[in-house]
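K.L.:
These are the residues of each chain, in order.
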Amino acid sequence: MARDLVRRLWSWEGLLLILLLVTLAYNVTRVTNFLTVSNQINLFQLGIEKAIVILAMAFVIISGEIDLSVASMMGLSAGVAAALFESGAPMPVAILVALGVGAGFGLLNGYFVAVVGLSSLAVTLAGYVGFRGLARLLVQDRSVGGFPDWFTNLGQRGMVGPLTLSIFIFAILAIVATVTLHFSGFGRLTYVIGNSAAVARFSGVSVARTKMVIFTISGLVSALAGVLMAARLGAVRASTAEGFELDIITVVLLGGVSIFGGVGSMIGVLLSTYLVLNLRNGLVIAGITGNTQTGIIGLLLILSVLLPNLAGRVRERLRRRQSDPSMRAPPADLSETARSQTAPG
Amino acid sequence: MTALRGEELVQVKAVTALAPRLEARGAGAMAGSAIAAEYMLESAPPALDATRPVLEMDRVSKRFGATQALDDVSLALHRREIHALLGENGAGKSTLIKIMTGIQQQDSGEIRIDDEVVRIASSQDAQRLGVAAIYQEPMIFPDLSVAENIFIGHRNRGNIVDRRRMEQEAEEVLARLDMHLDVGEPARGLTLAEQQTVEIAKAISLDVRVLIMDEPTASLSAHEVRQLFRIVFALRQQGVAVLFISHRMEEVFEIADRVTILRDGRWISTTPRADLTPAMAIKRMVGREVQELFRRERREPGAVRLSVRDLRREGVFQDISFELRAGEVLGFAGLVGAHRTDVGLALFGIAPADGGAVDLDGVPVKLTNPHDAMRLGIAYSTEDRRQLGLIMPLSIAANVSLPSLTRYLSPGGLVRRGAERAAAETFRQRLSIRAPSVDTPASSLSGGNQQKVVISKWLDTNPKVLILDEPTRGIDVGSKIEVHQLVDDLAAKGMAIILISSDLPEVLAMSDRILVMREGRQMAIFDHGDATQERVLSAAMGQSGDLFPDDEGLDRAAAAEAIAVIDQLVAGATVPDGANS
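In the order they appear, the protein sequences are chains G and Z.
If you count by this note's numbering, then the first sequence holds residues 21 to 365, one letter each, in order.
If you count by this note's numbering, then the second sequence holds residues 38 to 618, one letter each, in order.
Chain G with its partners taken away, still in its complex shape:
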């Protein structure tokens, strides 16, 4: 058992957990009542829209693509909802149209990537510029507000017990994303395509359809996050959520997802989401400001790329050293001995 636990910790998720515990310990000792529900809710509220988009971004990156347009889409959907409301549409209609715009443009991204065959980096960079531009056309340099109370309450008051609607939605989506990625056929195809789109194609898998679904979800979830952000802030500017895309991608990569696709787990992504929230909080307590904070998170990101690489090499070296005599035994025997050794302990 003990050995199993060690082996499990000796993975990226394990390292993330240790880092998280260290950061948590620091926060707990420095802030009274840090672990109370209301404090934790405040902590989450600060980055909840990013956290929601992170879940979708994990699918995009594991499938071997990238979506740089998510933050611009958040701004656009908030802008669409605000502009429609301003011109007299009922708020629920405005919200639905904003979500529709997100899904539609997501599908368009997916079409250009999966069917036309363009690079997702280029396509979604165009989205990054284009969606923000549309938001500017709609909102210009104003700040649109005056939403109905029920809408702003969604973002600010506890709706489900003490949880705000955003946190509740995040919790539900986190469970759905975890189950989908790790246990569903769709999640399987996401990994398969990220590992090798060629093998997927040669196995009769509809690679294009799967990718289009992923980009559509990314657009839809970003639009949802944009609407939730409008509710929380109570006002919408053209610059809403500007620059969020890099934070979002950073957290996903820090969670152990490979930028080349095919590798990563939702547990890692959730751990890294909570770690970054705590880390930023702790750094603020320690009096470390914006740019230095970003630098520290950047350093972590570099480590997240380097460490698994190094660990892999060390493990390979160890395996080779051990394998020469032992690998001659049939593998079945190996697992037998392994089992008998772990049983008493």
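Keep in mind the hints are simulated off the structure, nothing from the lab.
All C-beta atoms in this analysis are idealised placements derived from N, C-alpha and C, irrespective of residue type, glycine included.
Keep in mind that the hints are not guaranteed to be accurate.
Stated by the list, open to error - Heads up, incomplete: computed chain Z residues facing chain G, CB under 8 Å, no partners named:
1) G146
2) I150
3) I387
4) T419
5) I428
6) P430
7) L446
8) V452
Got chain G sorted already, so can you dock chain Z onto it with the hints?
P.N.:
Okay, now just chain Z, sitting in the frame of chain G:
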């Protein structure tokens, strides 16, 4: 006359396709010998024993893992000689060239240039020693001028390029080849043949003494081939030793002074061209002992499953027509570049055909993407299992279920792991995949077991037509026999199978009929009883198929040999040593 005799062996369709080619070749050969004669009058090649070889490979061996690519091969190239190298796929030609040009190093044996032992450790070494190679696809920088391309390998020309001088020298070099190109123009606009000329000019400018030409004619038109041969003769006259590799037998017999034949990594013979006939050459290329041959029971095939008429893809293959019946194994034979795999890819919808018709069970079908092809009941097991066959980090079970994943989903879209593992476990036992469990990642399996996983994933789709592309390439002898057994079992159960294989004995042993391709064309379809290694290889190399018109004795001898080996196998239940090496 030729065509008439060929009719005994080759199906009528193949013969009619051949007839015009034969005439064309006759005319071409005459023109070629005229050119040859012209040069030989000026300077006939000197008697070989009068000169020492320029380059000598002495008992060179090279091993890749379990494969002995070259085994004690010796080869001597003389000044003013065009030396042809012949051999089947995997005979060791490519390895030999790579060693001569410093891309790979021999494990043992030595290379001598002008009687001095040399080490060719890099392509720079090869260049310094005057050994150069040109390939089917020239390596040209399209944005540089012709002159710049010719002199790109020169390092000691100072820092400032004197463009005028360079262009003048480039023209001089090309003139030595009797070629005239605008040397100031970018190479982009050149035809393939002109690009090859530039490559040759590049070699000459570096004082080449040994020029290796690896299938230089494969993508050239007949006229361009003539032009290239003129250049080759010019090079010989200037004292260069040319090593010429081609799968076109008629070209070899047209220009070679001597012919060396390799088989299974071993040197078989080096003979002056005059002492060799195409029939002799082919016999030597295939004259291996018959071993590890699988004996299939011949059964009466069922109804026509797949009917293919005039299938073609522009610039890749054309006029492919055949019928495939339930329970039948149709072998696809041919040399590298025959485009057999492309026919398989077209039938699986990955690289769809642009013309022709395909019927499946009598119903016309459109095969435009692999997903649809799979749903219609066509499966294609790739020749490149590492890059295209398996998701390496995923388990055996996940790889097996991939094509038919929808069958393993619950109504909520979740993967039913239990059902998935059970299915994989069935295949693990049926195909004896050696792995601790079906959770083992595909990456940790041996080549043979990976191949079985690839086949399993297609069997799991329950296909009507199974296309196996090189199912036994690079796998151990034990697995190979198991794959053969499996193919036989599947056929017995009524599956229609296309077996694409470069392993000629395998195709002969496993197939009910054999379709032979050459450079994208269907050359012949042989029935099992009529097919011999010699006949298939003749067709694959563009011979008319009349080289062995009534060589009954040959068949009988081969059959007797095969039966002896099989009896030995069955009796001893062991595999002969060194098989597949």
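K.L.:
Can you give the numbers of the hints that this structure goes against, from lowest to highest?
P.N.:
1 and 2
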